[in-house]
Amino acid sequence: MEALIQALQSQSAFFSQFSESLLALIFFVLFGLLFATVAAVCALVFVYLERKVSAHMQDRLGPMEVNTEIPVLKKIGHGWAQTLADAFKLLLKEDIIPDAADRRLHLIAPFILFAAVIAAFAVMPFGEKLVVSDMNIGVFFVLAITSFSVIGVILAGWASNNKWSLLGGMRSAAQIVSYEIPNGLVVLVIVMQVGSMRFNDIVIAQSGGILNWHVFQFFPLNLIAFIIAFLATLAEANRAPFDLPEAESELTAGFATEYSGFKWAIFYLSEYANMFLIGIFLSALFLGGWTSPFGSLFGGFFDQPGWQPIWIILKAVAIVFLQMWLRWTLPRLRVDQLMYTSWKVLTPFAFVAIFGVGLWMLL
Amino acid sequence: MLLHFAAPFIFVIVAAAFIALNLLISRLLQPRVPSAGKTTTYECGEIPIGSSWVQFNIRFYVITLIFVIFDVEIVFLLPWAVVFKDLGWFAFVEVVIFITILLVGLAYAWRKGDLEWDKPETGKFAREAAPQLFEEVGMETRKPVQEVTL
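Here the protein sequences line up with chains V and L, keeping their order.
Just add 3 to the spot in the first sequence (first one is 1) and you have this note's numbering.
Just add 870 to the spot in the second sequence (first one is 1) and you have this note's numbering.
One thing to keep in mind: the hints can contain errors.
What follows is a list of derived Cβ distance ranges for each label pair [as the list claims (entries may be wrong)]: (1) V:P308 <-> L:F926: 48 to 58 Å; (2) L:Y978 <-> V:L87: 36 to 46 Å; (3) V:W331 <-> L:A906: 33 to 43 Å; (4) L:V953 <-> V:Y271: 40 to 50 Å; (5) V:F304 <-> L:A887: 38 to 48 Å; (6) L:V932 <-> V:P296: 41 to 51 Å; (7) V:S13 <-> L:T934: 49 to 59 Å; (8) V:S210 <-> L:V932: 43 to 53 Å; (9) V:T71 <-> L:V953: 49 to 59 Å.
Calculated lysine-lysine pairs in the DSBU-like style (CA-CA distance at most 35 Å, straight line) [said to hold, decoys possible]: (10) L:K908 <-> V:K96; (11) L:K955 <-> V:K347; (12) L:K908 <-> V:K55; (13) V:K92 <-> L:K955; (14) V:K92 <-> V:K166.
Covered stretches of chain L (chain V as the covering partner; in silico rule of three or more C-beta atoms under 8 Å from a C-beta of chain V) [stated by the list, open to error]: (15) 934 to 946; (16) 950 to 963.
Since the hints were derived computationally from the structure, they do not count as laboratory data.
Where a beta carbon is used, it is the ideal one built from N, C-alpha and C, also for glycine.
My request is simple: use the sequences and hints to build the entire structure.
This is the structure:
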């Protein structure tokens, strides 16, 4: 970020009359807007993708009807405008607040959920220079800010004054809190190997092709760590098979039962933005981030800076696809199985990974 | 350095403003026709009995307590992990002792059953609860369904 600002100041007389911090503030506002928009677009694309993926996995076609009459776009077909139409519908829907609800908390909850996800995007590395804020405690910051979402979920559950909502909110809190432990522990494994919590340092440590990625180092300890991280983040995003908080067959919609209209849409916006965030987070830690899987093959062509955002977004989308795949393959867990998985399987294995990697590095 | 931390803060404000704007647009476009039926708490068509702001199961509290201990542990371990390469064996052994103490705590909670949640017991209903229910409505327990008369 500083590099970009300094380049602008040295290149143009117009920019050099402002101070560096003022320019930085303007950039942050612009990038914040950009990421909020990206999150919204992301949600639209991923909801469409999810419906198509689920449909094709069940031998259906999914949404096919909503297309536009615009000549060029008409040829795409396949109901590509479905989620766009849904978004407009949600914008026009009446916002119903129950009489019994705590109106203020009811309003605040979606804000907290969405803001926590967007704030985490500030440290995500889309390229060596493409980081809004490459802070030296990046990984720790992501762990900290994403746990804010539990406050949003609990608020939503409590403020609705609905039994389904409260059950969903409490379950979600217990779940996010339980899975944060294995997630934090496996992040430690990576930080031990790199010796830094800065995202770019972690990614650079993996440069030079697919074999240098952290998943394949210290075999099989890092692979175990990756699987633990994937499961734990899946549970923290309340995705199936860990979607007990919004288990639709028992709790109608869990903590979102009393939400309607655009407030309800924000819950889904944050969920899908969170999935994309997890994709980037996991690919930065384990799958080489913005580095190319080919290393110096093809004369280092794919290692050029222009490819960096493409690689990391491809990897993130692959992880999102994996999350969707699991959702449409596995049945939902029971509450006792959920707690069993977190405390009695993932946490002990995470400790094994930490001790194992520590010993391996010392020997 | 301070600018690094300003970014997420500004992001939070921008995200909140983004949502506020969208909610405002939605507010201007949407119809608002509240009615008594619409604004009742949703409970699958039943009129809700009492408030849902009640005391909750104590088990959630225990889980949160265990979480706090382990979360603080992670906070302690992160600086250790950053300098682990330079410190070597000494730091490793120290952390092994530190983690072992906490693992004893986890083992204690495990043994005491604080990590257990109520499991659905299959067959329990038929064995224990059902006979009582059958007696209450004046039926014998093991009769085939066809012979039951109310």
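Here is what the structure says about each hint:
no.: 1; hint: V:P308 <-> L:F926: 48 to 58 Å; verdict: holds (52 Å)
no.: 2; hint: L:Y978 <-> V:L87: 36 to 46 Å; verdict: violated (54 Å)
no.: 3; hint: V:W331 <-> L:A906: 33 to 43 Å; verdict: holds (40 Å)
no.: 4; hint: L:V953 <-> V:Y271: 40 to 50 Å; verdict: holds (42 Å)
no.: 5; hint: V:F304 <-> L:A887: 38 to 48 Å; verdict: holds (42 Å)
no.: 6; hint: L:V932 <-> V:P296: 41 to 51 Å; verdict: holds (45 Å)
no.: 7; hint: V:S13 <-> L:T934: 49 to 59 Å; verdict: holds (52 Å)
no.: 8; hint: V:S210 <-> L:V932: 43 to 53 Å; verdict: holds (45 Å)
no.: 9; hint: V:T71 <-> L:V953: 49 to 59 Å; verdict: holds (57 Å)
no.: 10; hint: L:K908 <-> V:K96; verdict: holds (14 Å)
no.: 11; hint: L:K955 <-> V:K347; verdict: holds (29 Å)
no.: 12; hint: L:K908 <-> V:K55; verdict: holds (33 Å)
no.: 13; hint: V:K92 <-> L:K955; verdict: violated (55 Å)
no.: 14; hint: V:K92 <-> V:K166; verdict: holds (28 Å)
no.: 15; hint: 934 to 946; verdict: holds (count 6)
no.: 16; hint: 950 to 963; verdict: holds (count 9)
This entry does not satisfy hints 2 and 13, going by the numbered hints stated previously.
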